[in-house]
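Position chains B, C and D against the provided structure of chain A, taking the given hints into account.
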Amino acid sequence: MSIKILLYIAGRAVKGLLVLLVIAVFNFFLIRAAPGDPAQVMAGEAGATDEVFLQQLREQFGLDQPLYYQLWVYINNMLHFDMGITYRQQMPVFDLIMDRMPATLLLTGAAFVLSLLLGVLAGVVAAAKHRKWPDSAITVAALVFYATPLFWLAMMASLLFSVYLDWLPSFGMQTVGEDFAGWDKVRDIGIHLVLPAATLGLFFTAVYARMTRTSMIETSRLDFVKTAKAKGMKPSRVLYRHVLRNALLPVVTLAGLQAGQLIGGAVLTETVFAWPGIGRLMFDALFQRDYNLLLGVFFISSAMVVLFNLITDVIYCVVDPRIEL
Amino acid sequence: MNIIKTLSQNKVAMVGFAVLVMLILVAVLGPYVYEGTPWKMVQRPFIPPFENSSYLLGTDILGRDVLAGLIYGTRISLLVSFVSTVIALLIGIPLGAYAGYFGGWVDEVLMRFTEIFQTVPSFALAIVLVAIFEPSVYSITGAIALVSWPPVARLVRGEFLRLRNQEYVLAAKLNGQSNRNIILKEILPNSLSPIIVLASLMVATAILLESSLAFLGLGDPEIMSWGYMIGSSRTVIRQAWWLSFIPGVAIAVTVLALNLLGEGLNDALNPKLSGKRES
Amino acid sequence: MTPLLKVENLSIRLPEGADREFAISNVNYDLLPGEILCVVGESGSGKSMTANAIMGLLPATIEVNRGTIIFDGYDLVSLEERRARALRGNRISMIFQEPMTALNPLMRIADQISEVFLIHTDMTSKERETRTLALLEDVGLPDPEKMMRAYPHQLSGGQRQRVMIAMALALEPSVLIADEPTTALDVTTQAQILKLIKDLQKKHNTAVMFITHDFGVVAEIADRVVVMEKGIMVEIGSRDEVLNNPQHSYTQKLIAAVPPLTAPERISHKQSDRTPVLSVNNLYKTFSTGGSWFRKGRVVKAVDNVSFDLYRGETLGLVGESGSGKSTVSRCVVRLLDSDSGEIVLGGSPIQLLKGRDLAPFRKRIQMVFQDPYGSLNPRKTIGQIIADGPIAQGMSPKDAMAKAVELLELVELPAAALDRYPHEFSGGQRQRVGIARALAHDPEVLVADEAISALDVSVQAQILDLIETLKKRLNLAVLFVVHDLRVAAQVCDRVIVMQRGKIVESGNTRQVFVSPNHAYTKSLIASIPGAHWRSGKDAKPPIPQEVVA
Amino acid sequence: MKKIVMGVVIACLPFASSVYSKPSDGGTINVVVQPEPPSLMIGMYSNGTTQQVGGNIFEGLLRYDKDLNPHSLLATSWENSNDGKTWTFHLKPDVLWHDGQAFTSADVVFSVDKLLRQTNARLRTSLAFVDSITATDDYTVVFQLKEPYGPFIRLFEVGTMPMMPKHIYAGTDYKTNPANHHPIGTGPFKFDEWQKGSFIHLTKNENYHVKGLPHIDDIYWHVIPDAASRAVAYETGKIDVLPGGSVENFDVARLSELDNTCVTTDGWEFFAPQAWLWLNNRQGPTADKRFRQAVMYAMDREFAKSVLWNGYGEIAKGPIGSKTKFFDDSLPDYEYNPEKAKALLKEMGYDGTPVRLMPMPYGETWQRWAEVIKQNLKEVGIKTTIVSTDVAGWNQKISDWDYDISFTYLYQYGDPALGVARSYISSNIAKGSPWNNAEGYNDPQIDKWFDEAAVAFPDSKRAELYKKIQHKLVEDVPVAWLMELEFPTIYNCKIENLIDSGIGINDAFGTAWIKQ
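Residue numbers (my numbering), protein chains in the order written: chain A, 404 to 728; chain B, 1426 to 1704; chain C, 102 to 651; chain D, 13 to 528.
In isolation and in its complexed conformation, chain A is listed as follows:
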């Protein structure tokens, strides 16, 4: 890799870190604006408690300190790559997030790859058969999936495939109580993954299909496609060799943007399918007022967005020789 690219990445990383820092501060105040505090939530679950216990908890969490001091401590810790301790689980936030990360990465990664492959394929087919029935079919299907609420689709899928047909498990990531190892474990996780990944992926499949189709059609009107045709090339070959690569450029941008967002954006799917991922963790942390954890999840998922944007740019630069970093 050239110095130029490294310098570019360094520059972007610095900017990204600044953005993340601002986000952290912003979130810090945002979350403190919520009514109640973690001590109350935990005491609330206990069913009976008194001020003494609440005070003990607050002291333990450092919530008895003035707000500006808490912020200073938090930022200071962050600068030392320490995200603090979760109040509820009494674990380092980072460890807990990393515990949950594989599940989210698996789910969103599978959905992402699936939707990208399927979406691009569908888009290409639609564009190739422009204004013939496959185009209409794909366009309609894409529109419908694009318009369907994700959580509802998830519910209906689980109703159909788990409850009525009993083909697939409807929740969780592994069969509970079974200690699978090796391939059995992979298979087990695999079948649990099907429904969540498919429902999460369907929406994005629709997005990519629409985008690829439009982009293909637009690209196929460009001059160099005419050049390729004038060479006597078969239309399918023109499509594959010349149109596709150019048409994929905007899809790459969009995909990069969404890849980052997916990490924090699977709350609904994770809720419906009880998938033990980051989105659910965030949701729970929010209601438990687990400030450190919530901030941590936000930080990590924002950092993912920054990271994926950067990766997208680098990929873009590799795919498109015109772009110089």
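If you are wondering where the hints come from, they were derived from the structure by calculation, not from laboratory data. Be careful, since some hints might not be right.
Here are the simulated EDC-like cross-link-like pairs (lysine to aspartate or glutamate), alpha carbons at most 16 Å apart as the crow flies [stated by the list, open to error]: (1) A:Lys637 with C:Glu182; (2) D:Lys390 with B:Glu1647; (3) D:Lys352 with D:Glu487; (4) B:Lys1598 with C:Asp459; (5) B:Lys1598 with C:Asp439; (6) D:Lys208 with A:Asp687; (7) B:Lys1465 with D:Asp312; (8) D:Lys329 with D:Asp312; (9) D:Lys443 with A:Glu454; (10) D:Lys208 with A:Asp502; (11) D:Lys187 with A:Glu462; (12) A:Lys637 with C:Glu181; (13) A:Lys418 with B:Glu1533; (14) D:Lys208 with A:Asp498.
Relative to chain A, chains B, C and D alone:
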């Protein structure tokens, strides 16, 4: 005008438009037809659809009229989505316009600001905002607006960057027109087409967002909404799948209608992108 | 001689809703082996349609209605697609107008060229590479080895067009179709490309169908000429017949509109005893691109120590090729761009540093006419608003401003009815008139015309030039005429300044510059003008027919 | 000194006799745990799920059957002196902690006097009546009370007074002790693994102090954060036990009809959860007794019971649960009577001021209940606005008295002095806790009666006082009692003896076994 003519020739878009008009009518007139409140427990719970002629779509877990719920739900869905879109436009357009028109450090500052909002996962942010400011029509609308303006700002900025060097804009500068005039009268009207298209899609997205929030229990407890209906009947999906199914269809149809209209607008306003004209 | 390609009774139908039913109707012509046939016409004449039909490049919504295109015994119109494909790029090939977009931006040059071999031959990859390299050498590209690995964006426009030619001639086709291949190029590059095409055509005895709007180019290379008007072939004949003795009135009109190259003798002003209305002294402007926090971007000196004076009643031409900085100078002068250093003195006051309110009064005194008749008028405003906006912004009451707009419309020879209509209802020439009216609404002293006619068809160009000339005289304007077309410059400018890479290389009395250029660059510019030998000003200008408002 | 022997000497854990003759060993039980507990350190966290899981790892000195009679566990026998002030407990010898150390009286003294006194708020209140705790030998502990304290003998279950290992906790910061992550108890099951967000695994304690127990090899507590998924998990056989409250009530009816499914409401006797509406006695229309009575008449509690709770539970008549000791069944009824409600409102001159109604953010049923009550109140002319909030907001709003009407439900802990008095006595009016007298009811007479009833001796005296209390409170309606809740536990019928005590699922699965 030309656009309306082009649009009216687009059958699919007109279907979307017709559905939307119908929904707006339902939202406006429905409550007059269905007086009272959709919260009223009118019959025994779990009457399936088409079984009791007074309650065409049956009753829910508490014996409330599902059809009444759907009708009142139209209202909140459309209201929240339109208002939040308008707010998002009110934030995004000036921001994007200033960034794009002035460029330089103004652009840098405004775009960094936008980037912050784009970096935080938007649905998660919406959840947090609604939870923190406690679910109500206002907090939901505000949260949706707050997470949906960045694309507007980006789009408008792009349009302004493109248009600010158009010769008629330069001519306006040479005329000695104020920046405000140039932004409002020269550039903005010419960047409206893509904004309108985006706005129509934003309304659709806002409906999905609103229903997702309500589904997660972050809806306004005073207002019957489609997302609430799905979320609240989720626990009984085995006994009464239709209770979740029907409002879901309502959402899908509405969003689909908006998307169709948006596509139609896109075809009519941005002929370059349309499939109709090839040359 | 047997024609290679025979177009017979060809009609191509346009989709419903177009401005006419047929793109071309009843077109008949032959292409003989080894000849260059020029198909000439203005925009919308349908001159490219036949070529697209030959290549099977007609859009799906447009189809051949009637007629045949016979090539090698086959009718290309009805030929099975698979067999037609075998001919394309092999026996018949084509090059296009826009070298910037005609190549796939993501593929290396070598891959794009060798694709032709890949499609039509069974050469090994080694052979393909050798042949590609040879082709690049043939079309005169520098450092062909390196070119092989280059991407299109790394090449200049001329180089890309050479690549296109290499690609088209790879399999030594019998017919080459060139669709305005030099229109987008600078004049010196154009001369080189024309020469290349001619040389290669001679070498391989290729028949060339050359589509162009430029009679200069026709004069330069054509053997025979076909003239098209609104889809109808109005004239066909040998170059000399058509150019020097046009039969059809349309051809006559077109040819008459081509400005002769020789500059007429002009009354030279005694400049020393008058004050210039505009003085530009030691102007500098640099652009930097692609910089970021960690790196410096590329720096381009767009204007490099430029000085000149402009007097009322004269037209000063600012000529040069693209990238010479002539447009940057004009934009600095009207203060659309801030210059880095130097002085711009308007009517005695330096204006280069003024901002906002201080600048406003000077805005009135120097106005601009823009290049693009489509982009220079706000499509959302009526013609009346467009013209009146300026005076209103300067404080005139809307009513007076409208009244003034009516006057101005009359001045630019547009009917008052235009006032309430929108730009899209007007033709390019008419819009340019509106643009002039807008500029004149301030009663300026200086009018800057930035390539004000280059986007127009040649017959319309002449009318606009005439209008500017008339107005200049009537209003005693000082005109700064930015132009790349030397024929136009020769005709309308009293003095010219020749710019190259931001610097002034030569300036002086137009006739003097054209007759005896001093600088080598000026010489090469003038030598590159296509058809320089033809219409060199000996014959008088025929009268120009008036354009009528739609 | 004459002593009353109350315990049985034989350590006999299984007091529920099994229908099937011979329990078989082995097998795994999969249980749902919702929400995921913050910790298993039962001495510090009294969260419901901490108790559910921790109840298998830790033990108290006694257990209670479904009639709340005490039985031996870590204590084999106990005596109370004649004046009711001295309690002597004899511990079971040869009990080992999971790490192999012996359990002795030192652990008891440490747990109660040191650790729990600091960490357990509920016990702390009761320990105020205890003068001293001493170990007279390795297996004898004496509690010296200041006064005879009626509820004292109800304090020894594992959730209230769990035994913690002194050798691990003494001299450490209890909250940060690493053993909190790997709890060591004396219970029938040992902690094995906790995959946060996924499951907690307990294994059989081979060295359990009751021979032949436990029968089960493994218990998995599964974290399934979504109610519908929990139901599906049960249906698909992945889960064997759904503890009360872990599926939505709407699902209970359907699940109970599945094959091989047993449903029981047993195991809540000790807690006897009582649901009511906090009515803010300080301000607004709710400050008026007639308004509060009107609310009682306006509510269609039968509807709520049959639709929202599937018929489980009882309509609450007053502050003390009908299955609890000292309940007085001569109390008048507040039947569903909108007309009476309207009349009362008219009488007080209610002007239609809207009141805020805050549901409890603990699941769908509570949300629906609020919607039902909103309609009920609307029909008698009370306009309500539902205030939506989450757990933290709800706790804070009640703690800060920032509400008009709000739902809640509280446990009674087997004795009115433990679970009832706290919500009505004026000394318990303090901001900062949602579990005290949050409605702000203040009546000196009631205060006095409750004080006397706690220390009155013997029980007949207490019963008399509680009767007076009940009649007075029912007349005043400081809060609007809704229902005595019953949380049905749904489980696979293959499991025998799942619930055998008054704390139900919160107790160990020591005697449970799986039919082969």
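List of violated hint numbers, smallest to largest: none
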